[in-house]
Amino acid sequence: MADPLLSVRDLKKYYNAGGVFSRAAPPVRAVDGVSFEVGRGETLALVGESGCGKSSVGRTVLRLQEPTSGQALFEGVEIFSLDRPALRALRRRMQIIFQDPYSSLNPRMTVGAAVAEGLEIHRLAPRQEIPARVAALLREVGLDPDYARRYPHEFSGGQRQRIGIARALAVQPAFIVCDEPVSALDVSVQAQVLNLLSDLQQQRGLSYLFIAHDLAVVRQIAHRIAVMYLGHIVEQGVTDQVLSNPRHPYTVALLSAVPEPDPAADRARIVLRGDLPSPSNPPPGCPFHTRCFHPAKNERCRTEVPLLRPVAGTTAACHYAETTPQPAQAGAA
Amino acid sequence: MTHVLEVRNLRISFPSGPGRVYPVDGVSFWLDRGETLALVGESGCGKSLTSLALLQLVPAPGRIEEGSVVRLADTDVLALRGEALRRIRGRRIGMIFQDPMTSLNPVFTVGDQIIEGILAHFRIPRAEARDRALGLLQEVGIPDPVERLKAYPHQLSGGMRQRVMIAIALAAEPEILVADEPTTALDVTVQAQILEVLDRLRTSRGMAVLLITHDLGIVAGRADRVAVMYAGQIIEEAPTEQLFANPSHPYTQGLFASVPRISGPLRRLTPIRGTVPAPSAWPTGCRFRPRCPKAFDKSEQEPPLLSVGVDHRMRCWLAESPGGRASG
Numbered sequence: 001m002a003d004p005l006l007s008v009r010d011l012k013k014y015y016n017a018g019g020v021f022s023r024a025a026p027p028v029r030a031v032d033g034v035s036f037e038v039g040r041g042e043t044l045a046l047v048g049e050s051g052c053g054k055s056s057v058g059r060t061v062l063r064l065q066e067p068t069s070g071q072a073l074f075e076g077v078e079i080f081s082l083d084r085p086a087l088r089a090l091r092r093r094m095q096i097i098f099q100d101p102y103s104s105l106n107p108r109m110t111v112g113a114a115v116a117e118g119l120e121i122h123r124l125a126p127r128q129e130i131p132a133r134v135a136a137l138l139r140e141v142g143l144d145p146d147y148a149r150r151y152p153h154e155f156s157g158g159q160r161q162r163i164g165i166a167r168a169l170a171v172q173p174a175f176i177v178c179d180e181p182v183s184a185l186d187v188s189v190q191a192q193v194l195n196l197l198s199d200l201q202q203q204r205g206l207s208y209l210f211i212a213h214d215l216a217v218v219r220q221i222a223h224r225i226a227v228m229y230l231g232h233i234v235e236q237g238v239t240d241q242v243l244s245n246p247r248h249p250y251t252v253a254l255l256s257a258v259p260e261p262d263p264a265a266d267r268a269r270i271v272l273r274g275d276l277p278s279p280s281n282p283p284p285g286c287p288f289h290t291r292c293f294h295p296a297k298n299e300r301c302r303t304e305v306p307l308l309r310p311v312a313g314t315t316a317a318c319h320y321a322e323t324t325p326q327p328a329q330a331g332a333a
Numbered sequence: 334m335t336h337v338l339e340v341r342n343l344r345i346s347f348p349s350g351p352g353r354v355y356p357v358d359g360v361s362f363w364l365d366r367g368e369t370l371a372l373v374g375e376s377g378c379g380k381s382l383t384s385l386a387l388l389q390l391v392p393a394p395g396r397i398e399e400g401s402v403v404r405l406a407d408t409d410v411l412a413l414r415g416e417a418l419r420r421i422r423g424r425r426i427g428m429i430f431q432d433p434m435t436s437l438n439p440v441f442t443v444g445d446q447i448i449e450g451i452l453a454h455f456r457i458p459r460a461e462a463r464d465r466a467l468g469l470l471q472e473v474g475i476p477d478p479v480e481r482l483k484a485y486p487h488q489l490s491g492g493m494r495q496r497v498m499i500a501i502a503l504a505a506e507p508e509i510l511v512a513d514e515p516t517t518a519l520d521v522t523v524q525a526q527i528l529e530v531l532d533r534l535r536t537s538r539g540m541a542v543l544l545i546t547h548d549l550g551i552v553a554g555r556a557d558r559v560a561v562m563y564a565g566q567i568i569e570e571a572p573t574e575q576l577f578a579n580p581s582h583p584y585t586q587g588l589f590a591s592v593p594r595i596s597g598p599l600r601r602l603t604p605i606r607g608t609v610p611a612p613s614a615w616p617t618g619c620r621f622r623p624r625c626p627k628a629f630d631k632s633e634q635e636p637p638l639l640s641v642g643v644d645h646r647m648r649c650w651l652a653e654s655p656g657g658r659a660s661g
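Just so you know, the sequences run in chain order A and U.
Count the first sequence with this note's numbering and you get residues 1 to 333, in order.
Count the second sequence with this note's numbering and you get residues 334 to 661, in order.
Among the hints, erroneous ones may be present.
[As the list claims (entries may be wrong)] Over 10 Å on every C-beta distance to chain A, these chain U residues come out as not near it, computed from the model:
| no. | residue |
| --- | --- |
| 1 | Pro-348 |
| 2 | Leu-390 |
| 3 | Arg-425 |
| 4 | Gly-491 |
| 5 | Ser-640 |
[Said to hold, decoys possible] Far from chain A by the CB rule (all over 12 Å, computed), these chain U residues:
| no. | residue |
| --- | --- |
| 6 | Arg-344 |
| 7 | Asp-365 |
| 8 | Asp-548 |
| 9 | Ile-551 |
| 10 | Glu-574 |
| 11 | Val-592 |
| 12 | Leu-599 |
| 13 | Arg-600 |
[Claimed, not checked] With the C-beta cut set under 7 Å, the calculated list includes, among others, these residues of chain U facing chain A:
| no. | residue |
| --- | --- |
| 14 | Val-521 |
| 15 | Gln-526 |
| 16 | Gly-550 |
| 17 | Thr-573 |
| 18 | Thr-608 |
| 19 | Pro-610 |
To be clear, the hints were calculated from the coordinates, so they are not data collected in a lab.
Bear in mind the structure is a predicted one, so any value in this text is a computation, not a measurement.
Positions of the beta carbon are idealized from the N, C-alpha and C atoms, including for glycine.
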């Protein structure tokens, strides 16, 4: 990608396990060598199931958690080596919205004060202009400007998510990490928030790192998708390509598990066997080999880690990506 | 043929300020042997409360109103008290919930909890109960069941815990299984596994399943019939294929237009405007009226369930208009 906004190289985030009562256990490899880029005005979705490391990626990129190793260039600046004052300036350019906006809003702070906080900290507006800026932000996310005087508990989940978005937008960021922003919302409200995020992206030229587990939601908003499994990106590509012609068996399984609201839909499903292996004791070779249904699976999968490589329009980390069974065939197998 | 379960005019009230509110307000449905009925709706529509009423488990200070009927084959469930009620709970109507961790006791092994459930319902020796527990773990697809009997809940994954809950519910061999958002807390690949298990058990045991969910995708694959709830009432009911082919109530249509799809042409989502009002703020007349793009004069009167097709009814006056349904 020419001149990406964010470029992450070989990011690792290990958490140390054990401690006071036990001998040091092997670290949990939450993120184990992940590389990706996010373009200007683009949405990259990080998709995967619980424990795949997608949220850890989002948090380390914002330095809410310190990475174990790796590089991340944002607008040409190496994020991971910034000192505190520089990091603070960076936070004006990078924001985050969470799955549960309620737990990220101070219950004793009015909505207006919460939205104004970033403006004040970064001195982005003279004091007398702040109320007008807050009103404009609330209007931009589809809320009544009078809500500024009220408290978070007075609002529904969808409205709170809008407040969280207004708060993130206040500092005029270029990049927002959206960590499961609609998964706690009812479908009718989820659609409202997804449309809002799309509109804001177009109007403001925002870039999103959209962390989600729901492929149908992701299809609605993402330009590109990176599928994570056990701390690795196992497939990455343009949304349409990944969804219509997945090349990693795990992507195929994820896709076939999505319940489609259509009784006539082809119900060929791949039901994966077993559980996710522990990230503190990942299997050798391909991380997916213990649950893989690819007919070509062999000794090589158990010993040699497959690298992401271009295959038929996407990139996939599978030794046999060329012959990966597609959802319809795999279900019959 | 008598239904396995019949619910008629179920009303549940809670005190609110000086008066009472009715988060479930006149719900009627039935279940036949071996079928799955899905109760679908968004948060606060009354679907979970409805399911709790089946076993008189409505939390205080809520109460089931006079005139509500829950009939289990020949038994009037709402008239039961004490021991008689206990013999229904779990034994004839089993329940599983969204979060298995809060339903499992963390200080007992999985085996103890299943065996306890079996012994509560059947007078058999403990060794025999243990054998049954093993069989149940196998039936719900838990690998290595002998080892898992000795495991504590925290040692299992979310999907495994939900399987254990299903095994406990099945231990009593209930005629009806109420599954309240059984896969909402689980990852999609695990969800697929659990739904397969439920489907298999329904077929092999002839159990009736009341599936409570907010996810239309789950409904499409698993339910024989669907009842859509909004603001404490069933607003549309139909056989699953009929409902999906021909969603008729403007709220149901709104739900369909809001759901992102994994295939087909990509289009901008059309959300329903506004949010679900609290039970204290439900409007008079049609309860969906303030959010409905098709509301008209008559919407100010409360509509009954009106026929829009074979076994297909909706609570909307548009059912009376030529063509029989709200088009598109």
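Quick rundown of the hints versus the structure:
1. Pro-348: 21 Å, holds
2. Leu-390: Holds, since 24 Å exceeds 10 Å.
3. Arg-425: 29 Å, holds
4. Gly-491: 8 Å, violated
5. Ser-640: Nearest chain A Cβ is 21 Å from Ser-640 (chain U), so the label holds.
6. Arg-344: 24 Å, holds
7. Asp-365: Correct as stated: the minimum Cβ-Cβ distance to chain A is 19 Å, above 12 Å.
8. Asp-548: The assertion about Asp-548 (chain U) is violated, with a minimum of 6 Å to chain A.
9. Ile-551: 5 Å, violated
10. Glu-574: 5 Å, violated
11. Val-592: Its Cβ does come within 12 Å of chain A, the nearest being 6 Å, so this is violated.
12. Leu-599: The assertion about Leu-599 (chain U) is violated, with a minimum of 7 Å to chain A.
13. Arg-600: 9 Å, violated
14. Val-521: Hint on Val-521 (chain U): holds, closest Cβ of chain A at ~4 Å, below 7 Å.
15. Gln-526: Because about 5 Å separates Gln-526 (chain U) from the closest Cβ in chain A, which is inside the 7 Å limit, the hint holds.
16. Gly-550: 3 Å, holds
17. Thr-573: 5 Å, holds
18. Thr-608: 5 Å, holds
19. Pro-610: Status violated, d = 10 Å.
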